[in-house]
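J.: If you're matching them up, the sequences are chains F and A in order. When we follow our numbering, the leftmost residue of the first sequence carries the number 1, and every step to the right adds one. When we follow our numbering, the leftmost residue of the second sequence carries the number 1001, and every step to the right adds one.
Among the hints, erroneous ones may be present.
Said to hold, decoys possible - Heads up, incomplete: computed chain A residues facing chain F, CB under 8 Å, no partners named:
| hint | residue |
| --- | --- |
| 1 | Ala-1047 |
| 2 | Tyr-1049 |
| 3 | Ile-1125 |
| 4 | Ile-1139 |
What the hints contain is simulated information worked out from the structure, not anything from laboratory work. Ideal Cβ positions, reconstructed from N, Cα and C, are used throughout, including at glycine.
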Amino acid sequence: MKSHLGVRIAQVIPTLLLVSILVFCLQQLMPGDPAMVLAGEERGDPQVLAQIRAELWLDRSLPVQYLHWIGNVLRGDLGYSWRVRQPVAHLIGQKLPVTLQLGGMAFFIAMAIGIPAGIVAAVHRNGFWDYLANAVGLAGLSTPNFWLGIMLILLVSVQLGWLPPSGYVSPFQDWRQSLATTIMPAFVLGNAIAAILMRHTRSAMLTALDQDYVRTARAKGLGETVVVIRHALRNALIPIVTLGALELGTLLSGAVLTEQVFSIPGFGKMIVDAVFNRDYPVVQGVVLVTAFLYVMLNLAADVLYVVINPRLRDS
Amino acid sequence: MTAARKVTMRSPAQLAIRRFLHRPVAVAGLAVIAIFVVVAVLAPLIAPYSPIATSWSAVRKAPSLAHWMGTDENGRDVMSRVMFGARASLMAGVVSVLIAASIGVPAGLLAGFAGRWVDAILSRIVDAMLACPFLILAIALAAFLGPDLTNAMIAIGVSSAPRFMRVARAATLDAAANEYVEAARAIGNPPWRVAVRHILPNIVPPVLVQGTLAVAAAIIAEASLSFLGLGQQPPDPSWGSMLNAAQRFLTQAPWLAVFPGLAIFLAVLSFNLVGDGLRDALDPRGR
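Bound conformation, chain F alone (with noise of 0.2 Å):
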């Protein structure tokens, strides 16, 4: 089991690597010279351009570049700033904690609504329930999630008034406030992850409903409810958790347009500000962190599912 473990660590190398070249040719695709937007009012003087093409390595091959560029990037720096003259990693590091904040309640909502549902369709299985609840998830799937965030601004902020329609407020801060501004986009980026985990957990469920030791515990005279709770979700818990900890993507991706909707001052805000801003170091800096975000808790995910599972921990 240990040689499996080291396969797949090793395995994350070739990829990080691949994600490093991949986000390093990004910058090739963008129009016109870096320079000469650096250089501002000042691109007519080529003293100006020669300079900054020296201190930035433009001036190298593109393989030299990369290699200047990943040697930066193990070492913490990715760069600076083009807009705001900050070092990129910094500014990931002020916005990343929000975003987290935001994606652990979202992920919380979705356990809270995806996990019960999924329970309640597998054990009424092509009962009314089960349709509801896949009916439900398919169409929570396909609302796109900012509009279901404008939607629930209008009714809630709007029409209503309860909850602040946008803004943010450390939980360092003031708690109170803080719950009050991230609870409704929480649900919104929530709601996608919701259907998935009820769906993941509804097919977990069926294959754990229908082994022999769920049958001996009905055979035993246990209630219904300590049987599926206690025999069939123990057990199918285990997939569950670990397919959920690849919906981290669907989080990071949700997490973009759910700040912009709710103006949350967050890791997806900074992306599309940077776009606009055309700060370019802070997008490839962006789609890196994220990119090795992904890859980290993918590898976490395989990791806990071999400790958590028995059969595969003692093999």
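Since the structure of chain F is provided, determine the placement of chain A on it from the hints.
T.: Using the frame of chain F, we list chain A on its own:
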């Protein structure tokens, strides 16, 4: 007297169509898609107003008999804009999926068929691309390419290509294990011929399912990019950019936010329903 019982032979495709037609929700989805297509194609003929004609005497009017879905902040008819917006959305959905399939399917076929180092390299590239969340990759690509509808379609297509590669590769490995493939090889067919004639037809069903579901995802992605300002540029209508504009007038003109969103929801739901129906119809074992 005994009439000879007629035995009808049906091809797998005919059987799949029959199974598909027995699923009412999938057929309903197909019907809704058909309506969207007709509206998109005939928009210039059936839209009550021009989608870009502004009218300062009809700014932000609530839905009425003259304007069924109301008017927007420039006095343009929302219904006409939703109808013309169907063009951008459907085109983006279909074109980006065609781009994705034309990159992903040959790559997957090659990886599955050639195996060894070709497979290893292609699979690592796909892993790397899948490590970047779909929309973030599409945003980054659209940003570097520049904001317009064509670039948005390219960005969405390239970002969703790895999924097609995965599906095509798995189906190729599956098909290559068949005895007739071995037989085709044994009688001396060159590899490309085995791949194109004997394996390609087998990977069509899963690719078709993936393609339909990918259109749904691409429509959401195009709406998302347009919402962020990276897709269709004003004044040309697109559902996503209409929602962006609508957000500024939520208190005064809520109808602006309702109809384009409903259109996206209906179109995406329909493609998802058809995709699910196709999956069940094409793979009876998978139920």
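J.: The structure should be examined with respect to each hint, and the outcome stated for every one.
T.: For each hint, the structure was consulted:
{"no.": "1", "hint": "Ala-1047", "result": "violated, 22 Å"}
{"no.": "2", "hint": "Tyr-1049", "result": "violated, 24 Å"}
{"no.": "3", "hint": "Ile-1125", "result": "holds, 6 Å"}
{"no.": "4", "hint": "Ile-1139", "result": "holds, 6 Å"}
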